[in-house]
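Asker: Heads up: the protein sequence lines correspond to chains S and U, in order.
Residue 1 is where the first sequence starts when you use the numbering used here, and the numbers rise one by one after that.
Residue 1 is where the second sequence starts when you use the numbering used here, and the numbers rise one by one after that.
One or more hints might be untrue.
Here are the simulated lysine-lysine pairs, DSSO-like style, with alpha carbons at most 30 angstroms apart [to be verified]:
1. 27(U) <-> 22(S)
2. 407(S) <-> 77(U)
3. 152(S) <-> 423(S)
4. 27(U) <-> 77(U)
5. 27(U) <-> 152(S)
Derived CB-CB ranges, DEER-like [unchecked claim]:
6. 451(S) <-> 25(U): 44 to 50 angstroms
7. 11(U) <-> 193(S): 47 to 53 angstroms
8. 31(U) <-> 69(S): 34 to 40 angstroms
9. 11(U) <-> 100(S): 38 to 44 angstroms
10. 28(U) <-> 451(S): 56 to 62 angstroms
11. 69(U) <-> 9(S): 43 to 49 angstroms
12. 94(U) <-> 189(S): 30 to 36 angstroms
13. 68(S) <-> 75(U): 49 to 55 angstroms
Worth flagging that the hints you see were computed from the coordinates, not collected in a lab.
By construction, the Cβ of each residue, glycine as well, lies at the ideal position given by its N, Cα and C atoms.
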Amino acid sequence: MSSPLIWIFLPILFSVALFLTKSKRLLCGILGTFFSLVLAVAATYFPKDFILGFGSNSLEVKDIMVILGRTLTITYDNLTLVSLIFYINGFWNMGSCWFKTSKFFPAMSMVITPLLVAALAVEPFLYAALFIEIIILISIPLLSPANEKTTKGILRYLVFHFLAFPFILFAGWALSGAETAPANSPLINQATISLIIGFLLLLAIIPFHSWLPLLTESAHPWMSSYFLILLPSSLLLFMLTFLDRYAWLRSLEGLYPLFRFIGTSMIALGGALVLFQKNLGKAFGYALIIETGFSLLCFGLNELGGMYYFSMLLLPRMIGYWLWAFCLGKIKDEYGSLEFSNLPALMHEKPFLSGGLIIAQLSIAGIPMLAGFPVKRMIWFIAAQPDLVNALWIFLGTMGIYIFTFKVMVHMIKSEDAITDWKVTENLGVIIPILLVVGLTIFTGIFPHLLLPRFTRILDAFPRFPITP
Amino acid sequence: MPDFVLQIALVLILSSSVISTVIHNWKLTLIALAIQYLAMSIIISTSVPISVVVIKLLVGWMCCSVLGISCFSIKFKDGHGGKTIFSSIMFRILVVALVATIVGFTITNVGLAFSVSVPSATLLAASFLILIGLVQLALTMEPLYLITGLLTAFWGFESFYSILEVSSLVVGLLAIVNMGLVLVGSYLLIKEKADNNP
């Protein structure tokens, strides 16, 4: 028995069961949620050096599994990361019960999640690029189901990710050579440039971001949010693997200022662009760009403890995206569009959906009392330490989401018809999950110390990366 | 391998690239892609084990066949009824010429340093295919031509990468990725046809 068998091969086996029950959508969603959460809880509470005893026999759960000469390694330190990936999968499977998304989603998500875990666990890690590419290919039918038009967003998503793939593959090869190469070897420059271009394309870093808002505009918000929380979070951790592994890479001169510059630019430009959006889906895409900017900024602020805030930002982000995507998904299902011009004054008839949407946006923006605030506040403080101008740009970018949320609020309240009575048209099945997640958002915002510090354990998987608060 | 064979292969790559970039006809594009797979396989066979070359060639041809079968099954029609505008042809020819000039100049004058020696013919053909693939991607938003553009660019990279990385598992996984891309392409083609004829 080995941990890769439990968290990589077992879910793939589950996916077969889910595939067989795909016609029963609700059952499939519930089973997907159950399997994912069981695996997530198991990863959270799995003891170190676990040995199961049966009388005189014992069963040891090993960290390593060897397949075709390559190793898959999931150590005790990696388990927090694994649990996070399965929690995300579980909660998004749970949400899929409310939507008419692809009936293959629960089954495919149980292939995608273990492939992501495998990408983070495989040695040599040039194979990780291949796993990620397979995930991208699997995601296309889910993001663009057979009954929907093929949009520019989905095509660009495919093209940009596919173009990144050779760069990561080449970087993987060059890095394995650079390990033993002298300091002035051309391999080092080639690996660095390939890695930078690869991640620029994969993480939708400006100016390679055009696919992201187009995708969130056209794809179902539930599907796009699933991939856009799972992939960037895993890719950032994948990038951390490179930094952890190679001392020369993390000690490159100008690396951290570069991270800070890219992060700040993404926050500022994302904030400026979100301001002018007239489509709620597209605005969600720009908010994702801003969030990636915050993650990269945390990388750049590593010497000031930025990585702690990166890891603690994952939970508020997950809660915020869940709520945002849930409300957007319901609005899209109801009105068929997320364009402002096609939406009525929602607050008058759907106060819970519109309220949930606004709270999600404010939480991601980092308003006090909500989940995003405690960590964002710390990032704002430390971002000003190396350069005060950085903090100014971050402030301006954050203001972008605030002002956009205000615009959404005005649109949802303002009505050309004189509406005198406000009514609630959502059913309890929609109201209850919104209230629960809003409650969790407020709870995390008020008592961050109870939940967020657990997530810093993710960094245990990267023991060589200097995290010096 | 005699030099003239390599030269013929290079000419085949150049001419098939011109056809697939300039003429918007799905049959010609797929035939040109199949020729590119063959020509590039000849070029890399000087530095890569023949078994790997054969696998890559077969996978490439299978990709072309799958796309071809999909196009046949949906009775695919090119935009503008298969006709191409003259100014567009001229523009595309100029772009291909520009790419050929840039690649020729870069490889022969600037050169690229790798720890493993890559023959200059492979480097030349691979770089040309990568850039032509990117040009094709930039010039279209039709799923079929996007997929053929991606395959062209990726084949350029793969042929060069196969010299650097010799693992047979990588060869297998790259074959899966290629086939996966083509299946996604076929899915998008069939879906688009269904969208247009609900």
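Asker: All the hints need checking, so say for each whether the structure fits it.
Answerer: Hint-by-hint comparison with the structure:
no. : hint                                 : in the structure
1   : 27(U) <-> 22(S)                      : violated, 37 angstroms
2   : 407(S) <-> 77(U)                     : violated, 45 angstroms
3   : 152(S) <-> 423(S)                    : violated, 38 angstroms
4   : 27(U) <-> 77(U)                      : holds, 10 angstroms
5   : 27(U) <-> 152(S)                     : holds, 24 angstroms
6   : 451(S) <-> 25(U): 44 to 50 angstroms : violated, 59 angstroms
7   : 11(U) <-> 193(S): 47 to 53 angstroms : violated, 32 angstroms
8   : 31(U) <-> 69(S): 34 to 40 angstroms  : holds, 39 angstroms
9   : 11(U) <-> 100(S): 38 to 44 angstroms : violated, 54 angstroms
10  : 28(U) <-> 451(S): 56 to 62 angstroms : holds, 60 angstroms
11  : 69(U) <-> 9(S): 43 to 49 angstroms   : violated, 33 angstroms
12  : 94(U) <-> 189(S): 30 to 36 angstroms : holds, 33 angstroms
13  : 68(S) <-> 75(U): 49 to 55 angstroms  : violated, 43 angstroms
Hint compliance for this structure: hints 1, 2, 3, 6, 7, 9, 11 and 13 are broken, all remaining hints hold.
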